[in-house]
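J.: Chains as they are written, first to last, in this note's numbering: chain A, 1 to 559; chain B, 560 to 885.
Source of the hints: derived by calculation from the structure; they are not laboratory data.
Hints may contain errors.
Across the chosen pairs, the derived CB separations fall in these ranges [as the list claims (entries may be wrong)]:
#1 A:H368 - B:Y628: 54 to 62 Å
#2 A:S209 - B:F818: 48 to 56 Å
#3 A:M227 - B:S652: 50 to 58 Å
#4 A:Q250 - B:Y628: 48 to 56 Å
#5 A:G463 - B:F569: 56 to 64 Å
Examples of chain B residues lying across from chain A (beta carbon under 10 Å, computed) [said to hold, decoys possible]:
#6 F646
#7 L649
#8 S652
#9 H730
#10 S734
#11 E827
Facing chain A, according to a computed beta carbon distance under 7 Å, are these residues of chain B, among others [what the hints assert, rightly or not]:
#12 Y570
#13 P650
#14 A656
#15 Q657
#16 M729
#17 W738
#18 V828
#19 P833
#20 Q841
#21 E846
Ideal Cβ positions, reconstructed from N, Cα and C, are used throughout, including at glycine.
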Amino acid sequence: MHGLRRFLRRLGATLAGAALAGWALALTAPATAAAAALPSGGNLLIAPNPYGPWQANFNPFNPNNMFAQALDPVYEPLWYFDLANNRSYPWLATAYRWQNPTTLVFALRHGVTWSDGKPFTSADVVFTLNMLHRYPALDTNGLWTFLQSVHASGPYGVTVTLQKPNRPVLWYLAGQTPIVPQHLWVSVKNPVLWTDPHPVGTGPYLLSSQSAESIVYVRNPHYWNGMPAVGRISVPAFSDFNAENGQEIQGKFDWAQAFIPNIERLYVAPSRGTHFSWSPPVSLVGLYPNLTAYPLSDPAFRQAIAYAVDRAAVSRLGEDGQEPPVPNMTGVILPFEQSYEDQSLAAQYAYAYSPARARATLRRAGYHAGPGGTLTGPHGSVHLTLQVIGAYPDWVQDAAIVAQDLRAVGIPVTVQDVSVGSYQQNVEQGHFQLAMGGTNNMGPSPWYIFNSVLNSAFTAPVGQTAISNYERFRSAQADALLKDYATTSSSAKQKSDLYGLERIMATQLPIIPLVYGADWAQYQTTQVVGWPTPQDAYALPSMYNWPDDIVILMHLHPR
Amino acid sequence: MRFLARRLLFYAAAAWAAVTLNFALPRLMPGNPAAILVARFRGRLNPASERALEVMFGLHPHASLPAQYVQYLGEVLHGRLGTSVAFFPLPVSAVIAQALPWTLFLVGLATVVSFALGTALGVLAAWRRGSLLDAVAPTVSTLLSAFPYFWLAMVLLYILAFRMGLFPTMHAYNSPPTWSLHSLLDVLDHAALPAGTIVISSVGGWLLGMRNNLIAVLAEDYMAMARAKGLSEWRTVLAYATRNAILPSFTSFALSIGFVVGGALLTEVVFSYPGLGYTLFQAVEGEDYPLMEAIFLIIALSVLLANLLSDMLYAWLDPRVRQTEG
């Protein structure tokens, strides 16, 4: 008995001693290693979305590539569209010209080199575009539904021929297509399956190392626009936003894109002027009504819904006040697209929150409340289901508020939480009545969101797949306006087309926007300065916008 | 020998059933991986890209279901597990190969430590019935097991790592591991808190099981006989009583070892630790059938293998089992 006790005591002491010693050693070792590795020029530590451990995939045309999951400082487009300011700047191309409505000519920049030293020429641009033609699976922007052919005119000229006149294709072609080097990609057997493990690009940073936990970029000393001031970018991997947000609040990250509830009190205020949060509106979030289903097919009913929902409450309670309510139903993203907004429409169709007006609209349209909260209309009783993705807590909260507001004016609503897969399938197939969702991010003008939401080419009958026009909106007038905008070269005509589309959005309410979708971004100025601010909005602030992230990186410098 | 042959046959049949169910179940789920990927990027992907993605993922197989099944069996036998959809275009084996070693290390280590610690404490608690240890240990450990694991892990992470800075707050390593001592210590340092939380929340089960088994065995007649014959207390408890009492625990332990490859999803989420649990979660979220099937297959086969080994071990340890089966 004594022997056992003594033995256990000694064993315990030895184990504890060994553990402590080992742990103490481990505590000291990694810190020194990290300190020794820091080069001059500073280090930018970035917190991306929690997508889990990194997988080695740097092919910019794959949906899962590391650039899409964090930022892309390696590949560049031909042109930079400054969405915040309605301007655009030359990038890899120095000029472009519409020779005629179906021919677009680019003049490329001289003196640009790939990160392996070879010169950038028109051969690379032509190769990239033709590769998208040969492998449609890479053509995620659907360029070749509009392009006819592409060829080089000299080493610094590219001529693009379209099938039909189309102005908006410029944004996708010049602003959203990464140019890859022909000399590397030409020998790839199947670029669809290729992970591009050592990316060669024209951009300001080079891939330095990649592991499951961290991706590191170092600056490109031969970058055509001058060497970047920040020497190194680290992008760690995360699986959970809680731990990530915890670190962010402690000030561990220079650049982040989190949704932190109560961000003013938790992140901004305690920092004494070094933490900033700027998440401007870039998309619409709201209700998709299935226009083929009664009573959502009735515009008066949809108007009643618009009056019934307290958008300010949705913004305040569902989105923690970080996504402002839409002030009117024109569908224009404010403040960035302010110059495209029809002011008279905006004033007239504000749909200010008014349950009384909602009830009056319902009554006038022939809907009468019955006993026990029921509603009966011209074609029978009304009971709506509202589908929402259960995995997005802010949208779930928004849906709950919407349902509450609709019930308050007498419209019976049931909220259904569904999985991402089921939701996506249901909205695409049209198996829903009301769905809580969002549009794409904005483009250089409101046309891009209008096109995805209103164009009858992107919808389909119930039971078939609709690409983006889930509500099944069909209007010859809308199609004509969209087409006219796309084919005309007169900006006055384009503006009047946009006003016409805004009128359709506001009067017919094909979708019912509630709040703006935010471009989440936080940053701190303790190590690195030069960030975009609401006063100096030279780029969209989130790291997920490309090539805005490159523009920001070139503005940054160590403090 | 007949015993062995019969067990092997049984496990082969179980493996076939697992493989077949593994093929059938994902195909019963609704949804379309390409659509999910578009939805996942909430607005940043062009709507037209979904069509391109469907082409990429080969989502419209032309073969009939039985033909797909036969093809699937062939590929499994050859170890060709396909191309992942959620991590396109990486092959499934590459995705698993990145995560599996960490899972085996972390969860394997935690399971073994938890079993060893729980069993040892259980033996002590049963041996010294009525002592302070016996009063405190089962209650405290059961209480810790009753806490939701997620909550326990986050609280310990917050207090020990964030506030007190005693442990790293996330990840498996600071720099990619090599075989140097410094790197091994770094890896152990990062694994300490995740493994620790798993041990804390699971030790209660082993402890109680062992304690109860041992109490029952200690009351047996042959224990009194051993003491009467003059064997030391230590020897009777460890060499005779524990050896008999531990047999049921071994079965549970074998099953736990089998499930190690399933990973510990909550641990991996809270600590951003790479592992198969989170990979499986991402596969399910992204309706990645090839990856899901591969991971389920690995789990099923490893549980079966662990079961087979535990059967063998049990038969070796307890001669009565060999006699009844043979």
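J.: Run every hint past the structure and note whether it holds.
T.: Quick rundown of the hints versus the structure:
In this structure, A:H368 and B:Y628 meet the distance hint of 54 to 62 Å, their C-beta atoms being roughly 56 Å apart. Between A:S209 and B:F818 the Cβ separation comes to about 34 Å, which falls outside the hinted range of 48 to 56 Å. Between A:M227 and B:S652 the CB atoms are about 40 Å apart, so this pair departs from the stated range of 50 to 58 Å. Checked against the hint of 48 to 56 Å, the pair A:Q250 and B:Y628 passes, with Cβ atoms roughly 52 Å apart.
Hint check: A:G463 to B:F569, Cβ distance near 47 Å, so the stated range 56 to 64 Å is violated. Using the Cβ-Cβ criterion of 10 Å, the hint placing B:F646 at the interface with chain A is satisfied: the shortest such distance is roughly 5 Å. Residue-level restraint check for B:L649 holds (minimum Cβ-Cβ distance to chain A is 5 Å; threshold 10 Å). This hint is violated: B:S652 has a C-beta 12 Å from the nearest C-beta of chain A, more than the 10 Å allowed.
Restraint check, B:H730 versus chain A: the minimum CB separation of about 5 Å is within 10 Å; hint holds. Annotation: interface hint on B:S734 holds; nearest CB of chain A at approximately 6 Å, less than 10 Å. Hint status for B:E827 relative to chain A: holds, with the closest Cβ pair at about 6 Å, below 10 Å. Annotation: B:Y570 was flagged as interfacial toward chain A, and the flag is violated, the nearest CB pair being 33 Å apart, outside 7 Å.
Annotation: interface hint on B:P650 violated; nearest CB of chain A at approximately 9 Å, more than 7 Å. For B:A656, the interface hint is violated, since its Cβ never comes within 7 Å of a Cβ in chain A; the closest pair sits about 11 Å apart. This hint holds: B:Q657 has a C-beta 6 Å from the nearest C-beta of chain A, less than the 7 Å allowed. For B:M729, the interface hint holds, the least distance from its beta-carbon to any beta-carbon of chain A being 5 Å, beneath 7 Å.
Among the interface hints, the one on B:W738 is violated; its C-beta lies about 15 Å from the nearest C-beta in chain A, farther than the 7 Å criterion. Because the smallest distance between the Cβ of B:V828 and any Cβ of chain A comes to about 4 Å, under 7 Å, the interface hint for this residue holds. For B:P833, the interface hint holds, the least distance from its beta-carbon to any beta-carbon of chain A being 4 Å, beneath 7 Å. With a cut of 7 Å, the hint placing B:Q841 at the interface with chain A holds, because the nearest CB-to-CB distance is about 6 Å.
The beta carbon of B:E846 comes within 5 Å of a beta carbon in chain A, closer than 7 Å, and the hint placing it at the interface holds.
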